[in-house]
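Q: These are the residues of each chain, in order.
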Amino acid sequence: MSDWKSYEPTLIPNIEGMHQLDTYRKHGGYEALHSVLHDSKKWPDPSSVVQEVKDANIRGRGGAGFNAGLKWSFMPPADGGPRYLACNGDESEPGTFKDRKIFEYNPFLFIEGATIAAYAMSITTIYVYIRGEYRSWIKKMEKAVSDAYDAGLLGKNIMGSTFSVDLVLHSGAGAYICGEETSLLESLEGKRGYPRVKPPFPAQRGLWGRPTTINNIETLSNVPGVIRNGATWFKSIGAETHPGPILYGISGHVNRPGVYELPSGMPVMTLIEEVAQGVKDGKKLKAIIPGGSSTPILPAKDLENLTMDADALRGAGSMMGTAGMVVMDEDTDIVETLWRISKFYHHESCGQCTPCREGTGWLEKILEKVVKGEGTSRDLDLLLDITSQMEGRTICALADAAAWPVRYTISRFREEFEARCKPSLVPVG
Amino acid sequence: MAKKGSKNTATNPPTSYSFTKEQLKEIEALKAKYPEVQAVTLPVLWIAQDSFGHVNPDVQALVAKTLDLPESHVHGVAEFYTQYFKEPKGKHVLDVCTCLSCGLSGGVDIVRHLEKKLGINVGETTADGQFTLQEAECLGACGYAPMMQITNDVYVNHLTPEKVDKVLDQLISGSTPDFESIAMPLVDSTHTTKRGGSNE
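First to last, the protein sequences are chains A and B. Number 430 marks the last residue of the first sequence (our numbering); no jumps. Number 1185 marks the last residue of the second sequence (our numbering); no jumps.
In short, the hints are calculated from the structure, not lab data. Be a bit skeptical, because a hint or two may be false.
Covered by chain A, according to a simulated footprint, are these stretches of chain B (three or more residues, beta-carbon under 8 Å) [claimed, not checked]:
id, stretch
1, 1026 to 1038
2, 1079 to 1089
3, 1122 to 1135
4, 1156 to 1167
Calculated cross-link-like contacts (lysine to any residue; reagent style SDA-like; alpha-carbon spacing at most 25 Å) [claimed, not checked]:
id, chain 1, residue 1, chain 2, residue 2
5, A, K55, A, D80
6, A, K144, B, D1035
7, A, K192, B, A1017
8, A, K157, B, V1022
9, A, K140, B, E1165
10, B, K1101, B, H1143
Every residue gets a Cβ at the ideal spot worked out from N, C-alpha and C, and that includes glycine.
Sequences are here, hints too, so could you generate the full structure?
A: Have a look at this one:
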């Protein structure tokens, strides 16, 4: 990826005033929706739109990486009753701060994408769930939504067509778990954000028992480009099996942290050394967490030739997640960093399932002991044992998200944990 | 012990709470956006907190009564979400992020500085009821660490002790910091650009 410098961003393009509707339209905004609604040769029916998005293989940008169009195709045929699209702007995974860039710099791209999705799936109402902490960005979105309504781009008979859909902004109130798709639905229904047991999947029984699809904000923002330029165009960008633009959020010990839009499959070292202009203060790189706090940590020695796409990262023993990369320099206290991550998951566990509620608490407590130099190497084995009692044993993936960092950080940096521990007085076993 | 210092309760804490006519109208408009009343529990708790500074059990009861929902439901919801203040807090609530990226970038130092400056520990409120200091989990500003959020609203990024002191002075003098539009870094140059993130 030597030509990344000439890449033209499409999600957050470098255009002044793009957050205003007239500027957005001047630069091709709403051409995709117009074509979907009025060009019956190109788009004979809603399912043709679903097919195009499916062909593009937009893998969900919220972390799961599932083909968005395929997800859309799971919606049952319309029966005249209400159907919902829930847009996930909860963005709470530590290291992730990308969707707020779309809210701030290109809100209409997302709104247009959501509206096309609504048409494709015969949705009657779009709910946009934004984390409550993003009040400043919710205000920006309120303005954008109101402008879209005023211009006939939301509401009744959109762009003079027979298609109508409403869009409602909904603020969260501080709960990481509400980024889990079924927890988000519970929260939208005005309840505690307890994840639901699947099946039934939301496409069968979602909001208020009706068919519902949940998509990430960045995922939906890729839809207008796919409709306008075609699935083939989208698939030509970046990594073959994980195509398209990615909002890489780079944070931690780098000279120029921030959100960068670049093709998928960027070499990790290019992102760190060239895009984010290297590790701060001339220090050496120790490790990265590639896609949000739940994705397994990778030591610097494993990063050469590694690219940012789902398959390459899986091969390296981690995951793409949200592409929120946290960079750590040679002086980073890995033990303390892991304790911070565990503290987060303990705080955010909803408490519904015992392995998670109890497990996240014990992970934090034992790690705190190790951080203070009071742990023993038996505690490290105990931590690993707890993770295996958590993984795959709960309703949602929060327990896994809490367990993976512990499992992989200890196994990949065991010597640093050992160095912090007192010798065990009782032999293990 | 938190001091009663929310916007309209500094001197005479009201013993009962009620929504204004405008707020009731706003609540009716909200209800129309959802097929079931229960869905507005979170938005109405927000209206209540913005108005009374907190959602203590009395406020929760008001929300329940207004929406004709069980008090236990509203209580359960209020308790689940960290942004709802279940008791009165200081006039300004400082949520300093000490999670992953902020933890790596000096978030804890900012907390220690604030503790010293305000003469309180994390989780406490100053005697004059001006400030409550809290540690927050990830607020989604990882690239602009360390940072804090002020009373569930504006983010202040790239904190240094000097910047923190300035913000405190500003809050004491009665104004709040402006929304900081973070310049977007461009990949093709060493420059950054403002792309007009603000609405006006």
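Q: Could you work out which earlier hints the structure fails to respect and list their numbers in ascending sequence?
A: Result: no hint breaks.
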